[in-house]
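Visitor: In case you want the letters, here they are:
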Amino acid sequence: MIEMQNVKKSFGNNEVLRGVSAVFESGKCNLIIGKSGSGKTVTLKCLVGLFEPDEGSIFYHKRDITKMEFDEKKKIRQEFGMLFQGTALFDSLSVESNIRFPLDMFTDMSDSEKADRVNFCLKRVNMTDTNKKFPGELSGGMKKRVGIARAIVNNPKYLFCDEPNSGLDPKTSLVIDQLIQEITAEYNMTTVINTHDMNSVMGIGDKVIFLHEGLKYWEGTNKDILQITEGELFDFIFASDFLKDLRRRATY
Amino acid sequence: MIKIFQSLGEYLLLMRATVSRPEKARMYWIEAMRQCYSIGVGSLPIIAIISLFMGAVTAVQFSYQLRGIGLVPMWWMGSIVRKSMILELAPTLSALLLAGKVGSNIASELGTMRISEQIDAYEIMGVNTRSYLIGPKIIASLLMFPMLVVLSVFLGISGGWLAGILGNFYSTSEYVRGLQDAMKSYDIFIMFIKSVLFAFTISSISCFKGYTVEGGAIEIGMASTQAVVQSSVIVIIVNFLVAFLML
Ligand SMILES: Nc1ncnc2c1ncn2[C@@H]1O[C@H](COP(=O)(O)OP(=O)(O)O)[C@@H](O)[C@H]1O
Ligand SMILES: [Mg+2]
Chain A
1 MIEMQNVKKS FGNNEVLRGV SAVFESGKCN LIIGKSGSGK TVTLKCLVGL FEPDEGSIFY
61 HKRDITKMEF DEKKKIRQEF GMLFQGTALF DSLSVESNIR FPLDMFTDMS DSEKADRVNF
121 CLKRVNMTDT NKKFPGELSG GMKKRVGIAR AIVNNPKYLF CDEPNSGLDP KTSLVIDQLI
181 QEITAEYNMT TVINTHDMNS VMGIGDKVIF LHEGLKYWEG TNKDILQITE GELFDFIFAS
241 DFLKDLRRRA TY
Chain B
1001 MIKIFQSLGE YLLLMRATVS RPEKARMYWI EAMRQCYSIG VGSLPIIAII SLFMGAVTAV
1061 QFSYQLRGIG LVPMWWMGSI VRKSMILELA PTLSALLLAG KVGSNIASEL GTMRISEQID
1121 AYEIMGVNTR SYLIGPKIIA SLLMFPMLVV LSVFLGISGG WLAGILGNFY STSEYVRGLQ
1181 DAMKSYDIFI MFIKSVLFAF TISSISCFKG YTVEGGAIEI GMASTQAVVQ SSVIVIIVNF
1241 LVAFLML
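As you go down the protein sequences, you meet chains A and B in turn. What the first sequence shows, in my numbering, is residues 1 to 252, in sequence order. What the second sequence shows, in my numbering, is residues 1001 to 1247, in sequence order.
Bound conformation, chain B alone (with noise of 0.2 angstroms):
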């Protein structure tokens, strides 16, 4: 228990002494368009099948269970996809992707340049490593989550439709119809507090994990592993939160 504290402090710590007055704003940016890149294009196959077919899942399994209900018009279906794509499958589990692919990656890059001495190789060169290694990689998270997120709606959605069309369950005009009706922007703004959220806690958590790595390349792979675990229960806290506290 109180090692947990203890490293809810040191990450804390950490997370402050990224805030700082950077040696050359253009070096950051450049950083901060590499880790961009990384994480957005690095991340977009993946997040692409996922959506694509959880929206069709999400379909399938929504029209059986109408159906044998029986007084539900299935143009319904559209904006049922769309709501959970919006609320909930898009943002979360995205995140719980990410949390497994830029987590670790982070976690294992950093922890690797601390265990082969890169991070003191910058710091002898008087480059304050803590915000220059961990604040653009915040940042690209910051920027890209959203986007993923956004891209995993309109890919969830269109599986939906394509499952529905291609299993006869309805027609494309009754889907459309559906994913007009009553469209609220609260749902669209708590998608991207959730992304928003999900992206700091993921990447912050990673960071932490990687900078702080002692040993080896054991303790690396463990520090990698650990990054996916926390920042994954951390995510689905948060989500419940939100959840909870917003809807």
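Pulled out of the complex, with its shape left as it was, chain A reads as follows (with noise of 0.2 angstroms):
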């Protein structure tokens, strides 16, 4: 579980997050959704001390990453994963060697053992024979799997995703957001995924948090967001007005 107490965060002028309190479960895909330009990247990057927010603490188990020094920050990042936007996969390594990056770092297990995890989080997403390739062979779809593989070697705690869908077809979308969901489910993880996808707030949203103006405008599960009919989020997830009208017409 991760707790966020009002957060906020500016770059010069630009008001970001404006005080945003909100907890994340474990066991749970936790949606942080808004337009683009919203936070929802400032707000992951806040969770994993990437950026320091201005006020406002970030709890893991009482554990307080705000506050943390940088060696304990490096003890706590032992049990992150992170799946990001563009997938930054290492260019001059190999598929292999990206996934047991991590496992060269910070373990001491034997190369047989290595190897052995490597292929397991391989297959984990479905991705076999292709560790001797480098990361500007693949497709985006195939760079998404291996970014998760990456994300979920060293059995992380916690796994952050920056839009899991950006620049994939519908159909590799759901694949993907089907992935991380069972990885969760499997693991028992503290997953939060920032996205703008409504497939995915569908497909996926076991908790909700919708950023608006720098402020967490609403929350609630999948289920609930469909009796929205009006306001900001009724805007956001109805973007069209053919949507916001077929929304009018039904009846739940």
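Think of the hints as simulated: they come from the structure by calculation, not from any bench. Just so you know, not all the hints are guaranteed correct.
Claimed, not checked - Partial pick of chain B residues on the chain A-facing surface, computed with a CB cut under 8 angstroms:
| id | residue |
| --- | --- |
| 1 | M1027 |
| 2 | E1031 |
| 3 | S1116 |
| 4 | Q1118 |
| 5 | A1121 |
| 6 | I1124 |
| 7 | V1127 |
To be verified - Think about it this way: if two alpha-carbon atoms lie no more than 16 angstroms apart in a straight line, the pair counts; the simulated EDC-like pairs of lysine to aspartate or glutamate are:
| id | chain 1 | residue 1 | chain 2 | residue 2 |
| --- | --- | --- | --- | --- |
| 8 | A | K73 | B | E1219 |
| 9 | B | K1003 | A | D104 |
| 10 | B | K1024 | A | D224 |
| 11 | A | K207 | A | D224 |
| 12 | A | K74 | B | D1120 |
| 13 | A | K74 | B | E1023 |
| 14 | A | K75 | B | E1023 |
Each residue gets a CB set at the ideal place from its N, CA and C atoms; glycine is no exception.
Hints in hand, dock the two standalone chains.
Guide: Okay, here's the thing in structure tokens:
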């Protein structure tokens, strides 16, 4: 479980987060949704300590990451896995070496143990026979899978995904979403996902937080969200007039 | 002006942060070896060609001047080429070439890693990127630059010999006599001092420029250009200071 308390973050005069509090639960996919530029990535980067909030706290089981020294941060990050928006695979390393990197750097596993673990993770994301390829040779969907494999190789307690579906076709998006959902349940991880994709919200939104103008505007589940009939969130979900019209006519 | 001092401060802080205990020494070692290969082997051809021709040009031009005067024995040429290569041409020209090649390479590699969030990805894993990504590059430069400079000296001297023989300025035995004349180990010492200072200047400035890029592809290009320009300027200044203070 992760608890965000009154987090504020500005860049110069740009107040991106104006006091956001939220709880991200374990064993669930916690979604942060909002328009482009609403501060989803900034929130995620505050959570993992890449950005330092101007104010507020972020607790990982009573441990406040915003107050941690560099060495403590390094330690808690051993429990993190992150899938970046552009995957951030290391260009100069093969698929296999990318996934093995955290094991090489932080464990004393033998080469064969590492190879087993790497192959297990690759298999888990349905990517076999690509061990020796380089990131430049993979398609967008494949890169995301490798990104997920790298994120989970160290058995993280917390998984962070920044727009896991961006740049993917709807069908591949669905596969990636399902994969993240299954892995979250399987290992009882606390998973936080940024998205603006309504298919993901409906598919895996165990818990949904809607960011608007630097504040948490709404919070609920994917079941609740369809009940909305007006306001900013309504505009966001039913983006087109056509959909709005459909929603207004529908009865639940 | 304030901005210059601000950058300087950030640069010094970054350099201090690169010194830390490695998470795993073996991984740092592997990375340093990879960098040595890319800096050393990658720069060999250009350094070789330039040095050979610099030695040759030095020989031709000095021979032309000395013959005009007519009072100086031609066997001095060996000594002149050797001294120019060791004291000035090999370290300084190599450094300027390497500022262009290695400097832009380092800055754009780190800049790309920054923009594509690869640096963030390392950080999230718990890697101290300031030491893991910058340290090995500086170490590799400190190791490889002096070797390249030594190579440059030898090739420059060979170039001088070739040019002299082809142009009939002096015989091989005259040239060799000059080479052996009044050899000072202090010159070699200065050469190593210069190589090491230049290596640190170029690699650290380029790492700083690349590591701190913000924005996108255009900013990477700018950072890489700045890395080359600024490290070249500092190299020339350091070169003067070494000559002024130590010769
Ligand atoms: N490193 C940064 N420096 C300055 N401004 C930033 C930085 N990162 C994000 N921002 C600003 O924060 C706002 C929110 O961005 P972001 O969190 O990336 O939005 P999104 O919800 O699309 O992920 C934007 O206005 C952006 O310009
Ligand atoms: Mg974003």
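Visitor: Run every hint past the structure and note whether it holds.
Guide: Here's how the hints hold up against the structure:
1. M1027: holds (5 angstroms)
2. E1031: With a minimum Cβ separation of about 10 angstroms from chain A (threshold 8 angstroms), the hint on B:E1031 is violated.
3. S1116: holds (6 angstroms)
4. Q1118: holds (5 angstroms)
5. A1121: This hint holds: B:A1121 lies near chain A, its Cβ roughly 4 angstroms from the closest one there, short of 8 angstroms.
6. I1124: Status holds, d = 5 angstroms.
7. V1127: holds (6 angstroms)
8. A:K73 - B:E1219: violated (29 angstroms)
9. B:K1003 - A:D104: At roughly 40 angstroms apart (the allowed maximum being 16 angstroms), A:D104 and B:K1003 break the hint.
10. B:K1024 - A:D224: violated (48 angstroms)
11. A:K207 - A:D224: Given that 16 angstroms is the threshold and the Cα spacing comes to 10 angstroms, the pair holds.
12. A:K74 - B:D1120: holds (13 angstroms)
13. A:K74 - B:E1023: holds (10 angstroms)
14. A:K75 - B:E1023: holds (11 angstroms)
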